[in-house]
Structure formats: structure tokens, C-alpha cells
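A.B. asks: Hey, can you work out the whole structure from these sequences and the hints?
2 protein chains.
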Amino acid sequence: MAATSATLDTVAALAGVSRQTVSNALHHPDRLKAATRDRVLDAVRRSGYRPSLPARQLATRRAHAIAVRADPQQDGISGLVLDTFFHGLAEAGHDNGLRVVLYPAQATQEEEVALVDDLLHSRAADAVVLTATSATDERPTYLAATGQTFCAFGRPWGHADAPHDWVDVDGAAGTTLAVNHALERGCRRIAFLGWPDDGATGADRRRGWAEALDAAGVPGPRREDAAVNFAEGAEAAARRLLDLPAGERPDAIVCVSDTLAFGAHRAAATSPAAGDPPLVIGFDATPVARALGLPSVAQPIREAAHACLDLLVPRLAGEDPPARGVLLAPSLALPSH
Amino acid sequence: MAATSATLDTVAALAGVSRQTVSNALHHPDRLKAATRDRVLDAVRRSGYRPSLPARQLATRRAHAIAVRADPQQDGISGLVLDTFFHGLAEAGHDNGLRVVLYPAQATQEEEVALVDDLLHSRAADAVVLTATSATDERPTYLAATGQTFCAFGRPWGHADAPHDWVDVDGAAGTTLAVNHALERGCRRIAFLGWPDDGATGADRRRGWAEALDAAGVPGPRREDAAVNFAEGAEAAARRLLDLPAGERPDAIVCVSDTLAFGAHRAAATSPAAGDPPLVIGFDATPVARALGLPSVAQPIREAAHACLDLLVPRLAGEDPPARGVLLAPSLALPSH
Chain A
42 MAATSATLDT VAALAGVSRQ TVSNALHHPD RLKAATRDRV LDAVRRSGYR
92 PSLPARQLAT RRAHAIAVRA DPQQDGISGL VLDTFFHGLA EAGHDNGLRV
142 VLYPAQATQE EEVALVDDLL HSRAADAVVL TATSATDERP TYLAATGQTF
192 CAFGRPWGHA DAPHDWVDVD GAAGTTLAVN HALERGCRRI AFLGWPDDGA
242 TGADRRRGWA EALDAAGVPG PRREDAAVNF AEGAEAAARR LLDLPAGERP
292 DAIVCVSDTL AFGAHRAAAT SPAAGDPPLV IGFDATPVAR ALGLPSVAQP
342 IREAAHACLD LLVPRLAGED PPARGVLLAP SLALPSH
Chain B
42 MAATSATLDT VAALAGVSRQ TVSNALHHPD RLKAATRDRV LDAVRRSGYR
92 PSLPARQLAT RRAHAIAVRA DPQQDGISGL VLDTFFHGLA EAGHDNGLRV
142 VLYPAQATQE EEVALVDDLL HSRAADAVVL TATSATDERP TYLAATGQTF
192 CAFGRPWGHA DAPHDWVDVD GAAGTTLAVN HALERGCRRI AFLGWPDDGA
242 TGADRRRGWA EALDAAGVPG PRREDAAVNF AEGAEAAARR LLDLPAGERP
292 DAIVCVSDTL AFGAHRAAAT SPAAGDPPLV IGFDATPVAR ALGLPSVAQP
342 IREAAHACLD LLVPRLAGED PPARGVLLAP SLALPSH
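One line per chain: the protein sequences are A and B, in this order. The opening residue of the first sequence carries number 42 in this note's numbering; numbering runs sequentially from there. The opening residue of the second sequence carries number 42 in this note's numbering; numbering runs sequentially from there.
Source of the hints: derived by calculation from the structure; they are not laboratory data. One or more hints might be untrue.
Said to hold, decoys possible - To spell it out: a stretch of chain A is covered by chain B in this simulated footprint if at least three of its residues, at any positions, have a beta carbon under 8 Å from a beta carbon of chain B; those stretches are:
hint	region
1	130 to 144
2	317 to 329
What the hints assert, rightly or not - Chain B is nowhere near these chain A residues, computed Cβ spacing over 12 Å in every case:
hint	residue
3	V58
4	L82
5	L160
6	A358
These figures come from a predicted structure and were not determined experimentally. Backbone N, C-alpha and C fix where the C-beta goes; we use that ideal spot for every residue, glycine too.
C.D. replies: Structure below.
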């Protein structure tokens, strides 16, 4: 490890230049001749001098950090998605000289916006990555109106013309993959187990299911049910589907999440109906889907995190990113057994 | 939202004091009379002035931040533990005016130490919370030697007299709970499925199993096997245990992790042996254990995160924390079905 006691004066003395020249070499290299700059930077290396981040922040008027929300665990099954997202952000941030600052989830959107506002205005962060966007989300509207730099992981639901950057995974494409897999396996009565209509992520995944059935020209009634994201409610909802008369009982259930798939799997395992249990397909490819041997739609979460940085880095430099919105394609993860 | 254009001068004019007095009210309140300080702070509130964090950092020579590592997902089953830990840190940090900065996992300990060193010396963070400590961990030794402020989530394995702060969960107490649960359920041949000997977390959990069997006075051979943290190896290891002759075949398998329990569960489900399948007990109470209906040892992760802050906050104020090490008690989570 290099010595850590070197100061700006140490470097200046070593390079035979003024403190201001050292500062310029670090913060405004274009102001110096190449030879001078190289001599100073060489002295920086030899001295082991490390510029203080707060000083650099003051000089550049930048925090060199982005903020993202840390959520409490709910039922936990899909929590890993965020975990992977955090690592991807930390990785991509590090590559771009940006730290990732976690802020704790708040009780209301209003409190969250106030907290984010404080982080940005106090220059604890230069930009924020919003997660878990919804159709009634007021956070993007507020941040855009106040000219803040941000990127949403999630489309601008309900604000199709919203002037902000976003990255998302194509949920409808995911449930289409699920339906097509069920069709290939010979299923014909493919039901959907969704969330109560949210006009956003859940509605998009439902649309992929309905459109895939349309495209395949599968006749007969389409069944669906809904539950909030807890396995118990999902089990009851799936049981309602499986209690339908034999000719209407689903032979596959495409689920909006692995939590709901877990409930559907339990309902299928204990269903008194004769014949093969229905094929249950989940969403998020969590370890739970793997443990239960269920196919599940996999989101490219690490890529999504990198895509957020690809949008934010140019924005922070005052430039337009290559695209305003980035929609990534999911895949279908099949069980290994 | 308050206006954001207020400056130190706005506040000074509003309070009828000098800029220096405003600065003192914010950073050195003890230097002012109470009445003056209150008048300035009232003006700060009325003006909507928000001190810049970098300026405050320079004034206090503190980053007002702690750093913690973001790991890539391995198999993912136990990843939620970290997710919960992050949220707990963000929550407890927020309560203490400390932000949580994520740094990406590095390929080697040496690179990680260099990165942490850089974060601390550049004042991007005041302290670090080390995760995933091991018996061959050189990070605490280095950080202690260089006088850095840190806390380990994990005991100072192999450095019993190590002069640093730590928080951990009592793993041996966890596997003792698991063994006692198996005994209550009538099991008598209780095997252990562990990690290859690591002299640390895994060895501690194995010790709890062995000591609980000693305490109960259970006769007969004790069987154990090991696998690294992948379900496939665990399934093979569990199969070796279940292929033992009838009188030696385990009727319970206490596992060092839910990943290994997942493998053991698969081996038990496909075992050709007659009779009841063995009781499999996991560790970490992840959604996978819940999905498979396995009992599992639950670690108080949120409490551990808060305990880390309870150690770091006094350290950062130059004071000794109430204890050098904090060992938290786990519980046993039973399946709901």
C-alpha cells in the first residue's frame, strides 16, 4: 500500500510546481501543457497522494455517486432480483468512477421523494435510480419537474410520453415465452395467474399471455385469476382454477411471479383432480422455481443495471444518452431435473 | 419542497449574523450562545438552505458514510441474507446520519483491501463493514494494522484475540436447535451435511450439531458428509448418507445451509430406501426452505446490521463501543404446512 500522508504540498514540491498546478493537473488537465501534466501526475503516483473525495466533489460540484433504494424483504422470494441489481450497479458504477449509495425505503412515495431530494440537493448523490415504478408513480414526475438526473428501472407506466430515461425488461415477451413453452409441451388450456390489475408490470405480463394465445389460435375459454404477492393467496387462486370442471381445468398455469407460482405448485400438488398435474411456469427464475423444478422467465438483471449506467453516465456529462428507453429481452429458464 | 437556491449568505442575512456564525451554528454549535444558535437554525429552516454534503465533509473531515461489499449472485439461495443486511444497514445508517456505499466484490482479497483502502483514504467512506469473513481472512489484519475503522459481520476466526469489532450470529446454537428439533420429532440417527472444513462458520455449525448429540447422549455412529455450496454436490453427498445400511441410515440430516438442504431434500425424495424419508433441516430460513417445507435455522440479519452500526457509531465519535463483539442468537423457522 502506498503511504497516505502525502498532501498537495508534497506533490507540488516533488514536481517543482505550485499547488494550483497540481490541482489543475487533477481537475482541469486541459489547462496544462502535456509535459507539465505528466510530470505532476508522475509526482502524484510517486508520493502516494490521494486526492480527498470531498475536495474533488467541491471542485467538480459533483458527488460522483448515484443513489438507489434498499427495500425491506417482503416475502423474499423475488428479493434476489434486487440483490443482483445492486451488484450490477456497484460494478458498472465502479467502472465509471461512481459510487452507489443505498437509501432506505420509506413509508410513502412523498417521504421517498423528500429523501431523494435531500440526497441530490445536499450533493450526497448526483443521480438516482428509481426501482419498482408503477402506474401511479409520482416520483418520476417530481424529479423530472425539478430537473434532477435520474433513470427508472421500469417503464414510465401511464406516462408514455414521460421525458425521462428508463430501462426495463420486456415482461410481455417473457410470458409469451412461457405460453409457447406450454404449447410445445402439449398444453392447450393455459391459464394465467396474475396480480390484481396494476396497469403496469402485471398488466404487461398478462398481455403477453393473452397475445401468445391469440397468435397460436388456441380455442376455448381462457381462465385467469389473481392474487397479491403472497403464496397463500396464490394457492387459493390456483385452487379456484383447478376446481373447474374437467374440460375447462387448466393444463398449464403461467404465473406473474415465482411467489404466485409457488402457491400454484402447492395447489397443483394437493389437487384431487385426476390426471397429470398442470404445468406451472413462474417469473423471475428464483432459487424457489429451481428448487420446485418449475420453468420460469429469467430477467437479465445485471444487464439492466449496466444499461442504467449507460444512460446516466452521458446525462451526468450533460450529454444525451444513445436512447431514452432500453427494453431488454428475457429468456426462459428450464429446470435441470 | 423547500426552495433550494438559498445559500449561506441568504441564511446570514435572514438571521442578521455573519457567514462564519452560520457555519458555526451548523458545524460547531458549542461555540455559540444558545439564543444565537437557535436564531440561525430558525433562519436555516425558513430559507430552505441545505448545507452541501461535500462542504460538511470537508469541514468535519468525515465522509458520513460507511462502505459494504456488493456480491455477485452465486447460486443465489442464500443471497437474500445479504439483501436483508443491506436494508438493515441503510435503515440504521440513515438513523445515524450515515450513508451506505456499496463497493463491488473483487477477484482477490488483496484487490478488495486496495479498493477499501482507497474508499477510506479518499474519504468516500469513514468505515467499512466486512462481510463473509473466514479463517484465512487478511482484510481485518490489514485494516486494523493501518488504524482504519471497521466492523466485521463474522467473528475473527483464527484470530481469537484480534483487536477489532465484530457482530455474528451463533451458528453452533443454530445447529443445536436443529438437532433438538429432530430429537423431539423422534429422530435418533441425526447426520450432518457440512461444507468442507473451513475452520470458521462451517466448523462452528458442525460443532453445534456434535455437542447437541453429546448433550443428548445419543448412542451409535455419527455420520456426516460435505459439499461445497452447490445443490448438485449436496445431493450426491446426501445420497452417500442415505445409501448406508438400514441401521445406520440417517433419519435426519442437519444441513449447514439451505442450498445443501435443497440437495439433501432431492436425494431424500428419490431415495429407494423403504420407510419415511429423513427429516432435512436447513440453515438460513430462505424462501427455498419454505417452498420445500423444510425447517431451517433463521438468523436475525436485520438486528445484525443494526448491531454493526451500534459498534461503528461510537468508534467514529472516537469512543469505545459497549462491547467489542456481539453474538446474536438464531431461532428455528418451522414450515407452515
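A.B. asks: According to the definition I'm using, a residue is off the interface if its beta carbon is farther than 12 Å from all beta carbons of the partner; does A:V58 meet that for chain B?
C.D. replies: holds, 22 Å
A.B. asks: Can we trust that A:L82 is non-interface, i.e. its beta-carbon lies farther than 12 Å from all of chain B?
C.D. replies: holds, 16 Å
A.B. asks: Does the no-contact call for A:L160 survive, Cβ to all of chain B over 12 Å?
C.D. replies: Given that some Cβ of chain B is not farther than 12 Å from that of A:L160, nearest at about 8 Å, it is violated.
A.B. asks: For the region 130 to 144 of chain A, do at least 3 residues have a Cβ located nearer than 8 Å to some Cβ of chain B?
C.D. replies: It holds: at least three residues are needed, and the region 130 to 144 of chain A offers 10 whose Cβ sits within less than 8 Å of chain B.
A.B. asks: If you look at each residue in the region 317 to 329 of chain A, do at least three have a Cβ nearer than 8 Å to any Cβ of chain B?
C.D. replies: holds (count 3)
A.B. asks: If we take the beta carbon of A:A358, is the closest beta carbon in chain B still more than 12 Å away?
C.D. replies: With a cut-off of 12 Å, A:A358 remains clear of chain B, as the shortest Cβ separation is near 19 Å.
Checked against the numbered hints above, the structure violates only hint 5.
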